[in-house]
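J.: Protein chains in written order, with this note's numbering: chain A, 1 to 176; chain B, 1 to 292.
Since the hints were derived computationally from the structure, they do not count as laboratory data.
None of these values were measured; they are calculated from a predicted model.
Glycine included, each C-beta is placed from N, C-alpha and C at the ideal position.
Errors might be hidden in some of the hints.
[To be verified] Here are the simulated SDA-like pairs of lysine to any residue, each with C-alpha atoms no more than 25 Å apart in a straight line: (1) A/K70 - B/N273; (2) A/K43 - A/V133; (3) A/K148 - B/L125; (4) A/K148 - B/K147; (5) B/K129 - A/G79; (6) A/K145 - B/K147; (7) B/K147 - B/L179; (8) B/K166 - A/Y119; (9) A/K43 - A/A65.
[Said to hold, decoys possible] Derived contacts from chain A toward chain B, CB cut-off under 10 Å, selection only: (10) E71; (11) Q142; (12) N149.
[Claimed, not checked] Ranges between beta-carbon positions, derived for each pair: (13) A/E54 - B/N263: 33 to 43 Å; (14) A/Y28 - B/N263: 23 to 33 Å; (15) B/L125 - A/G64: 11 to 21 Å; (16) B/Q202 - A/K176: 50 to 60 Å; (17) A/G64 - B/L179: 52 to 62 Å; (18) A/Y28 - B/P183: 46 to 56 Å; (19) B/H75 - A/A26: 23 to 33 Å; (20) B/F168 - A/V133: 27 to 37 Å; (21) B/T78 - A/V133: 24 to 34 Å; (22) B/Y222 - A/V133: 21 to 31 Å; (23) B/F168 - A/D104: 57 to 67 Å; (24) A/A26 - B/F77: 47 to 57 Å; (25) B/L120 - A/A46: 23 to 33 Å; (26) A/N125 - B/L211: 21 to 31 Å.
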Amino acid sequence: MRPAQWTWLPIICVPVPALAVPAYAATYLTLEQAQQTIFPGQKLTAAKVTLTSEQAREIERRSGANLRHKEIHLWKADGGGFFIVDEVLGKHEFITYAVGLNADGTVKQIEIMNYRESYGYEVRNAGWRAQFVGKNAAAPLQLDKDIKNISGATLSCRHIADGVRRVLATYEFALK
Amino acid sequence: MDHRLAFTLAFAAALWSFAALRAGPVEADENLWGYVYGADTLPAGSNEIYLWTTSRNQKGKGNYRAWDTQLELEHGFTDRFQASLYLNGRSHQISGGALDEDPDRKLHRGLEWNGVNLELKYNLLSVYKDLFGLSLYLEPEYQRIDKISGERMNGFALESKLILQKNFFDDQLALAYNLTLEPEWNKFKASKEREKELEFEQSVGISYRFLPHWFAGIEGRYAAVYPEFKHREGNAYFLGPNLHYAAERWWFTFTFLPQISGNPRIAGRDSGNLHLHEYERYEYRFKIAFNF
């Protein structure tokens, strides 16, 4: 084999079965399933909420998290409270999750709806998600402070914590 | 069929089979850059196998082309500590007076075994949790073939790095800096000559996720060599683009790295403002890795 051909050596080691397998993309809960999980038996009514520029600025300032969209995917629960669908960046794709807020703006529950990454999936663990229950907009929601990290899933943990903090700030400045 | 090609095809087939059989999500330590190292380490219990090829080209006269190929197996022992074993190969095409210190040298050698490296990397600060990522890196090496001339030798080196990384915009933009020191001790087989030198490098990389799974960036590198650990003999600056793609179980990175400036210029060759004794006019590197 001529020396020049060794340049292409790594390419022939591309694992073809991995190429043929669809990207690891799991839908764990549909919208309806997430709503019934967080607000079982309650009727949820969609509400269109578009943040003003001032609200967006305040939410970013308070939460320290970037706000990607001014349109909020929000449903109001019959018994009070809000159901919000949000997404945060994983390493390669977005993570879609739902936050249920009580009528007083504290976290009722969070659920991972879609997880499209090849690792860090431990954020779906019920024990990890339970750390957010009862948190309000004043909570730091920082890894290694009031939210325990999962080693090997730090990026996903941090981004979801940032996202929930942003949702709580959204309640403070736009929904209260 | 060349026996080395046969071995490579057999290895690739084994890799494909393993990839197909292995189930479940995997952890990954991606290299966003070809030359610059990021501060991340593999999660505990994870493994990654890499194949690298680096092509170094042109010395301003004659024909010069060299390839460095590495097979690396990496394991995460803890969430902060990983180690790798490298099997290295090297090949050269040299003719037409390409080497200024040995203009009569002609060499056309295919891939041969060049030695082994052991890499140790420890993460002190997490790029995702702390103000910035910080890792320390140590790599003892044994080499049998001189990088420039292709002469056979017994060479030992100890590469050490300080790795810093900072991410921005929800980790879509990554910026990394490496400081590298590498003393080498070589004994050439034909001449019995001994030499020692220190290689000093600073490199910077930036990488941006412009689409899901796709990252593009730039790498810059300053390299200098100090023979006998004394006065600098030569230095060069490199700057070039890179491209990175990550799928579920594998990723690749390609970097094109031309030299943009160097000193001293070597008389009698088309070197422009480049230093073409220790370094080449341009390099490119391709890495592909599979996680399991």
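J.: All hints are to be evaluated individually against the structure, with a verdict given for each.
T.: Structure-based check of each hint:
1. A/K70 - B/N273: Judged against 25 Å, a Cα distance of about 52 Å means the pair is violated.
2. A/K43 - A/V133: 21 Å, holds
3. A/K148 - B/L125: 16 Å, holds
4. A/K148 - B/K147: With a Cα-Cα distance of about 48 Å, the restraint between A/K148 and B/K147 is violated, given a limit of 25 Å.
5. B/K129 - A/G79: Outside the cut-off at roughly 37 Å; violated.
6. A/K145 - B/K147: Roughly 49 Å separates the two Cα atoms, so the pair is violated.
7. B/K147 - B/L179: This hinted pair holds, its Cα atoms lying about 21 Å apart.
8. B/K166 - A/Y119: Holds. B/K166 to A/Y119 sits at ~21 Å (cutoff 25 Å).
9. A/K43 - A/A65: 31 Å, violated
10. E71: Not OK, violated: A/E71 not within 10 Å of chain B, min 19 Å.
11. Q142: 9 Å, holds
12. N149: 7 Å, holds
13. A/E54 - B/N263: 33 to 43 Å: 55 Å, violated
14. A/Y28 - B/N263: 23 to 33 Å: 58 Å, violated
15. B/L125 - A/G64: 11 to 21 Å: 19 Å, holds
16. B/Q202 - A/K176: 50 to 60 Å: Since B/Q202 and A/K176 have Cβ atoms about 51 Å apart, the given range 50 to 60 Å holds.
17. A/G64 - B/L179: 52 to 62 Å: 30 Å, violated
18. A/Y28 - B/P183: 46 to 56 Å: 52 Å, holds
19. B/H75 - A/A26: 23 to 33 Å: 27 Å, holds
20. B/F168 - A/V133: 27 to 37 Å: Once the Cβ atoms are compared, 31 Å apart, the range 27 to 37 Å for A/V133 and B/F168 holds.
21. B/T78 - A/V133: 24 to 34 Å: Between B/T78 and A/V133, where Cβ atoms are some 31 Å apart, the hint holds.
22. B/Y222 - A/V133: 21 to 31 Å: About 51 Å separates the Cβ atoms of B/Y222 and A/V133, which means 21 to 31 Å is violated.
23. B/F168 - A/D104: 57 to 67 Å: For B/F168 and A/D104 the Cβ distance comes to about 35 Å; the hint is violated.
24. A/A26 - B/F77: 47 to 57 Å: 29 Å, violated
25. B/L120 - A/A46: 23 to 33 Å: 55 Å, violated
26. A/N125 - B/L211: 21 to 31 Å: 30 Å, holds
The structure fails to meet hints 1, 4, 5, 6, 9, 10, 13, 14, 17, 22, 23, 24, 25 from the earlier list, while all remaining hints are met.
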